[in-house]
Amino acid sequence: MIQIRDLHKHFGDLHVLKGINLDVNKGEVLSVIGSSGSGKSTLLYCLNNLEQIQQGSVHVDGINVHAKGTDVNKLRQKLGMVFQQWNSFPHLTVLENVSLAPRIVKGKSKGEAIAMAEKQLKHVGLGDKLKHYPNSLSGGQQQRLAIARALAMEPEYMLFDEATSALDPEKVGEVLDTMRLLAEEGMTMICVTHEMGFAKEVSDRVAHFHQGIMEEIGPPEQIFGAPQSEHTRKFLANVR
Amino acid sequence: MFDYNFHWRPVLRTLPDLIQAGLTTLEVATLSMVIGILLGLCLALARMNMTGPLKWLAVTWIELARNTPALFQLFFFGFGLGAIGINLTPYTIILAGLSFNCAGYLAENFRGGFQAVPDTQLKAARCLGMNAWQAYTRIVIPQVFRVVYHPITNQMVWAVLMSSLGMLIGFRELSGETQFFASRTFRIFEYFAVTAVLYYVIVKLILAVSRLLAMRLFRY
Amino acid sequence: MQDSISFFTGFGINDLLFLGEAALKTLWISALSIAIGTLLGTFFGWLLHEGKLVASFTIAPILDVFRSVPLIIQLVLFYNFAPIIGLNFDPFASGVVILTFYTAALVASVARGGIEAVPASMRRASRSLGISYWQDLFYVVLPIGGRAVFPAWIGVVLGVMKDSALVSVLGYVELLKASQVLITRTQEPLLILAIAGAFYFALSYPISRYANKFEQRWSK
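Chains as they are written, first to last, in our numbering: chain A, 1 to 240; chain B, 1001 to 1220; chain C, 2001 to 2220.
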């Protein structure tokens, strides 16, 4: 379970997150929507200590993310992350991209790591690309590779930071399908997204961020059907 | 015109000695490249990530190495250190001078290499739970290495060419050996012509080996 | 150690003038070789670009020799070869000839890169306006390609300026040779090396800084 309490984040003078309170339960799929600059991506970076925070706290399964003694490398194994830019490691084959971290971070044997990598790559539909280098893959395939790479660490949570925003329109579907598959399998997911259809269909809850404040949160029927907040209503009117 | 009689025989007789000296050239160039790569990496990291005296030292080193003649740098390690009581052998002077020079040039190549690898690569690696050391050695440095591979090859060629300055400080690498024989036999042209060919062969060999290695190393 | 504190023993104002004169000689031989070498090299670069196959079997390997043999060997070789074919070149003239070809060899690949840096579409566009081949070369390729490779050319210029120190091997008394002479006489290596180094640095550093700035501005 992820517990966020009164989270504040500043970039210099810029107050990006202004007191966020949010719980994400095991098995839940939460979509985070909002215009760019609303702080939604920053929220993800605060969850795995990619960003420091100025006030408040984040607990993941009871571990205080920003406490001094916390082993961030251990913590990050719990939280798989997929970026907008897929960040495949260009000097490694598809199989090595996925099997490297289980081997050197979790200390698995080479055989185990490769078996895990093969399993996850088949899972995302890249079973036939094991020996390829990322530069021979399309954007959609590289993004699925990034998902497999995160899954191979057997994370408890998956964080998606606008995973489809940098893709060509015709490649968006294959990545969303993979994310949908994970959701059906019961993975706990936080998806920062611009794909309203996906948010509506897959999420258990949807949160709308506006200027660093969580404006509204609720089941998709509420957010998309009968939003309570004026800002949320305006935002949704603009994206449609 | 051409009333000069070419005498190649004495040169050919000493060819084994010249080739031996060519190996010395390769040895000193290779050694100074190894030292230069290690120091250059440190200098680049110090220039990018440090503040205070360490950064200042790195910047001074890099700019001195790049903005003064290599021969001047050798004079410094020879006459300059000699003046404060440190008398190096010709071999050490060449090794120190070339290492100093290579480190300065390579540092800037490394800096460019680090800038060419997007910092999102580091971020992605850290997100998988790798610690900083793992992320650098497994993800960032291999990519930097690819960017600087070609400049390193060029620098190796430069190291070989620069080592010929040994001739001016009494070190018997290929050029020094050539001068030694040339001044004994007065067949200056012949000796230096053969040596020019030897240098050409050495340089081409380095480039060929580098190309073969690149094919094995970089399959992406 | 103690006597090095007593500065200026044996190093007088005349010696400073001697160094200044030598510095001018360094500037003069560099400027001359760079000027002619750049023109020649640009022409070679154009040949390499236009005459693709033919050029790559004729002038390309010749230019390659100048880049693969140490400059010091080239100088000694030419200085001793000229009399054989009946040319009586003094050290200065020999130095200029070799430094010119050396510059030309380096500039040729820079110039070729410059021509190839101009997008073909741009050249087609200008040609389709009815501009002649030569007009295109002067009004389109030269300004655009020239700008693209200007920093690389500066690199060559500074390289040649520093490498001109090697003409001292023929007995031409440029800055480093003058320093060496004075060091032997006055036994003040640190002071003299500092003056010589400062001269090179003061010339090279600002220009390379400017070229870097230029490159950054145009790569944006």
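Treat the hints as calculated values from the structure; they're not laboratory data.
Please note: incorrect hints may appear among the correct ones.
Said to hold, decoys possible - So the derived list for chain B, only partly shown, Cβ under 8 angstroms to chain A, looks like this:
no.	residue
1	Q1121
2	R1146
3	H1150
Quick reminder that beta carbons are idealized off the backbone N, C-alpha and C, glycines included.
Worksheet item: Can you give the numbers of the hints that this structure goes against, from lowest to highest?
Response: Number 3 only.
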